[in-house]
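Visitor: Given two chains presented individually in distinct reference frames, assemble the corresponding complex, making use of the accompanying hints.
First to last, the sequence lines map onto chains A and B. Using the UniProt record's numbering, the first residue of the first sequence is number 1, and each one after it goes up by one. Using the UniProt record's numbering, the first residue of the second sequence is number 1, and each one after it goes up by one.
Because the hints were derived from the structure by calculation, they are not lab data. All C-beta atoms, glycine included, are put in the ideal place defined by N, C-alpha and C. Some clues are possibly wrong.
[Claimed, not checked] Simulated crosslink set (SDA-like; lysine to any residue; CA at most 25 Å straight-line): (1) A:Lys47 / B:Gly91; (2) B:Lys170 / B:Gly91; (3) A:Lys47 / B:Arg101; (4) A:Lys318 / B:Leu112; (5) A:Lys47 / B:Met388; (6) A:Lys318 / B:Gly190.
[Stated by the list, open to error] Pulled from the structure, derived: some chain A residues nowhere near chain B, Cβ distances all over 12 Å: (7) Gly46; (8) Glu75; (9) His76; (10) Lys118; (11) Glu165; (12) Lys204; (13) Thr205; (14) Ser212; (15) Gly217; (16) Asn225; (17) Gln237; (18) Thr238; (19) Gly244; (20) Glu249; (21) Lys318; (22) Thr340.
[Claimed, not checked] Partner residues are not named here, just some residues of chain B that face chain A (Cβ under 7 Å, in silico): (23) Ser215; (24) Ile386; (25) Met388.
The residues making up each chain are set out below.
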Amino acid sequence: MLKKTLALAVLATVATAGAAEARDTIRIVGSSTVYPFSTVVAENFGKSTSFKTPVIESTGSGGGIKLFCAGVGTEHPDIVNASRRMKKSEFETCDKNGVKDIVEVRVGYDGIVIANAKAAPAFDVTREQLFMALAKEVPQGDKWVANPYKKWSDINPSLPNEEIEVLGPPPTSGTRDAFTELVMDAACEKLPAAKALKDAGDDKTLKQKCQSVREDGAYIEAGENDNLIVQKLGANQTAVGIFGYSFLEENADKIKGAKVDGKEPTFDNISSGAYPVSRPLQFYVKKAHIGTIPGIQEYLNEFTADKAWGPEGYLADKGLIPMPDAERAKYKEAATKLKTLTAGDL
Amino acid sequence: MATAEQQVEMTTSQKDILSRQSRISETVNAGLKSRYRSEARFRAYGAGAIVLALVMLVLLFVTIIGKGYTAFVQTELQLTIATSGEALGIGNDRDAAALNRADYQAQIKASLRDMFPDVTGRKERRDLYGMVSDGAAYALRDALAENPALIGQKVTLQVPVASDIDMLHKGQIDRTVAEAERKVNDFQIGIYDRWVSMGTIGLHFNTALFTQGDSRQPELAGIWGAAVGSFYTLIVTLALSFPIGVAAAVYLEEFAPKNRWTDLIEVNINNLAAVPSIVFGLLGLAVFLQFFGMPRSAPVAGGLVLTLMNLPIIIIASRAALKSVPPSIREAALGLGASKLQTILHHVLPLAMPGMLTGTIIGMAHALGETAPLLMIGMVAFVVDIPMTPMDSATVLPVQIYLWADSPERAFVERTSAAIMVLLAFLVTMNAAAVLLRKKFERRW
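Looking at chain B on its own, in the form it has when it is part of the complex (with noise of 0.2 Å):
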């Protein structure tokens, strides 16, 4: 009887598991084209956001490059001069004091009034001296220090022309608006014209924008000055943050007791990562410059400033390097006899010299572009000679896209997107040297 009862108990529950198990399966069986698209959904918003930053980098590299590739080339004319010790101001003398100063300008307009003798009222002759640079009257003063012996004798050379025409040339002025809205007038255009049909003007690669310094002439612009300053800028800022910041990190990750006050350093470390550079830069004001003295504009501040910024992201990056070596390596070492200092000088530190490089160069990646804290001491000025030493007046390079993007002449707009295409070039070498580095030196354990 007992039997025969725990029998049926047993089949209902047999039944009941077989009925729990087939409703779990439809259960799981209903929820599981949910669960597919759910992981497809959320694979699509993967792919989705990945897209969109592609389409912002796209739009980025488009609009700059597109306004700005034809920086790099300049409007010049073939200008021939007949050179005449008269015409210069300087009669009959060489020396290098009267090459300094002859009236170069006054030979530009001369050879102008040669090339078009049939303009002959005062204002249409104004017009067609501003329609070349003053870059001209340079041109012809190097050729001649150069050659004094070409002063009588007909020199033909390539002159930049004035912005406003480099404009026309490039299609970025609208001659069929009014002429007083145009900054080109008609008889500048007329002239223009004649230019062109002679053949005697023509794009040719943008030296200045390379070799010179700033300029308030668009066409005279260049970013050499800036890009000098930068690098003395990061000079003194890797000379400095490099090596205090790998003995900050060896001395935290090897030496220091772990304790309350370690651990204090660290949380600060951490925290300095994320202060606003301006600080930095308010940091820099009131310390270099007004204790210890240091000179305004000077890359020798702004490369100190950018070391006070950059040391907490290269600490972080060598501790991060540190802790990857294996402490089998350290112990192997100290086993074998070896001090703590030759443990760490012979072994931890070359396997962890690439990590703490690749940190480092993104440090400087980072303080090549940064205008804020330079603000503060004086680095964001109209700077046109060419620094010689650290401690001479400089700008940088993001500094000079800033000062260029606000200035009203229209061919500063396409300087603007061409330097930044500069500055593009150095972060992208830069951080694919720090990619690189890693890729050849890393080593996984």
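Here chain A stands alone, though its shape is the one from the complex (with noise of 0.2 Å):
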């Protein structure tokens, strides 16, 4: 008697997670930059539509990536925030699990910005003072040696007489991706020393030490709430602090931004381009699924509109960066036409 009950516990278990293979929701997984404009135009949505509110999934663009190229089906996600865009290799994977036809939209921009306390010295450096700042090593000659940098003057007497210590994210975060790629990469390619490595075809190496940060102390590594690096610059007048524009935005009483190679950020020079640090916000739709998983084509008009990513949309008013109005129209046309991903667009 009770090992029929136990099984039919059992069976009824598994009975229940067969029928829950039906879906109504659309489901988003990826980038914790993207996630906060997605998830404000999946709440517009869900309230302004009968359809049900998107799930959103904060797990990195690569995290999110993985789950995406997964498969098609409704166990596996239908859209993916990234805020770099899909490599080569992922886009092979994908292929390879089934996932062919992906769109791609781009969404606007987001500054990384260099940040400190309102009351400490304006700060106005170079991406290459910055790589000098923060690399585990620096070339001297054509040799590279530990970082023996300990205050700001003591790479340009212009910077200000203090020690050097940077809040910034952690390895796993899609922010420090992107300031490895826009300032530490950038500014390393340029210096005698790695341009001898790139020549020699050492790759490995050059890549070590364009992108090693320094250990020593000099920079901490800060989690990945932004907010919490926002709140240690207001208690720490020496300290400087990288993270998204947003919170620059949302905490401008507090802190300020530093000037990177002579360009404030600003919305407009963000915008513009001429900010240096600044990336693409995106997010790949799965083809395959529209139809299948109600209201996906009505969330990307959504998003698509001129009321959310435009200029003078509400998620400009949260901080994203909008495109230029021709960049804005070629990818509207993408999210309505469908236009598909190959890889050599990549």
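Guide: Okay, here's the thing in structure tokens:
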């Protein structure tokens, strides 16, 4: 008797699990940088249509693309947000798992700011100076030595006479990826010592020298929580923080952004591309799911409407830097006509 | 001669003893002070540790409550809306479909224009509209849906203001900093001051916090969705882990032979209790989601994962409770002719139950505060809709706290603390229930 009940209970569990296959909610995974924007769109979409509000997970770009590319079917997500473009290798994985038709929609730009407390001295740095302050090893002549700089003024007398103390994201963060690519790599490649390595074809050493961040306490990994970095900057006048533009915008009364290569991190500078540390944000849609999961096309329409991603839209209020008109028109078309991505595009 | 010598020896040995005794008492006396001192020091260390712990606890509560108590009230504006079919864009239609497509936002904007006829510039109007939350339109929709006959009349509603104005009203925005660095500009502060002098703006109990799901607009965000998600998750956990845990404990304690195999099982259960919870999340991802095909983000999968995590705790607590039932009870029952099953069901289990329940409640409190294992099965997600069944996508209270703590909007800072207070209230209630249960039913032999 007891055995029968147990067996029945097990069967019932398996059966209900099987019945859950059908799904009427859009599932979105991916970048924590795109998360604040896609959640706003999802919420407005849920409140203004009869569809359910999409469920959005913040898994990071890499983790999200991995989930997205795992296959076609209701157990896999429909859309992945990414703070960088999909890599060719990821596209191939997708293809191998049967995820053939992918639509790419760029939504806008995000700036990474270098900021410090309002009362602290203003910073005006170049990317090369940032590299010198943060790299694990810096070139001296044609040799690489452990980073000797203790104070900003050691790098260049024009910088403040203060200890180098930088609060930034950990390696798992998309912000860190972008910072590495846009600041560290960009600055490093211009150095003669790095050029020598490149000419020698030693890509592995080059990558290691350019991307390694010092571990002697001058760079402090402050976790994924950008709010925490902002709070610490308020308490510690000498510290400098690295985080997304939207946090600078929200807290402009407490902190100020540093000029990078002479450009201030303002809305206009990031939008025009003048500010060097900015990156495009995008999402990828699984075309096979459109029609199966209700509301995907309508969600795309909501996202690509001017009231959302336009210069005066609600996403701009949340800190997204809108694309210029022509670029918006291009991706709007991609979203409505569902133009699929090819390996050649990446 | 001999006796005299012996006497002399006796006296010397007696003297010896005496002098030794006096020496001992001297040493003891000399050391006494330092022994008392070391005891006093030891006590002071203990008291110090307790004081330190209490100070930390007070600090925690003061910061959380200090930051969060303001979130229980929300700044609301008293808005008189002259509703009309034209402003709502539905003409003379009053049916449900018309009410559904009506433009409530436009109606709110129209009433704001009526309130400040002197505001005419396009930018100023935009700033003015931005001061009232999107929630105003939902409030109007609900009011009209309840009574469509109100259309065409003046309706007075309490509507939430945008979170920046809420922050301004609560004194979190410094008016003295330069305009460009404030979230609220001078024009908006002017409007706000006019609202204050009109007496139409004020603090009201924040019902949204307790009735709504998550939102990206702080003034509309609530913990109800997460609370329901936590409830479903815990129900699944309790329904599975309590019977399985108790059955395992009873078998191991009362029926299982004591041999190498049961020793091995015991060691493994103790080891499992110490496994980091994220590992259970990975296991849940592989087994429940990938093998059994359960939906992502669903409380049912979360409950199963937390069951795995909780089982060792419940088994260990239940076995301890069974062990504390004296053997005389079992022997008496057996002696009167009860079968082994009857002995356990009628006598041992009821006596061990308070201990088992205490262990279970503490295990459940532990599960309520868990986020790491839920990360892997997709419960760390933005979920707006309130889950209706354990199969719907949901999130849980600690995850909601984590998500809010990571949001850039400043109004989420106080809401994060408020959510922490609610979670702490649940935990304190559960732990208090465990203590009460133990006090009421515990028997000492």
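Visitor: When the structure is checked against the list of hints, which entries are broken? Sort them ascending.
Guide: When the structure is compared with the hints, numbers 2, 7, 8, 9, 10, 16, 19, 20, 21, 24 and 25 turn out to be violated.
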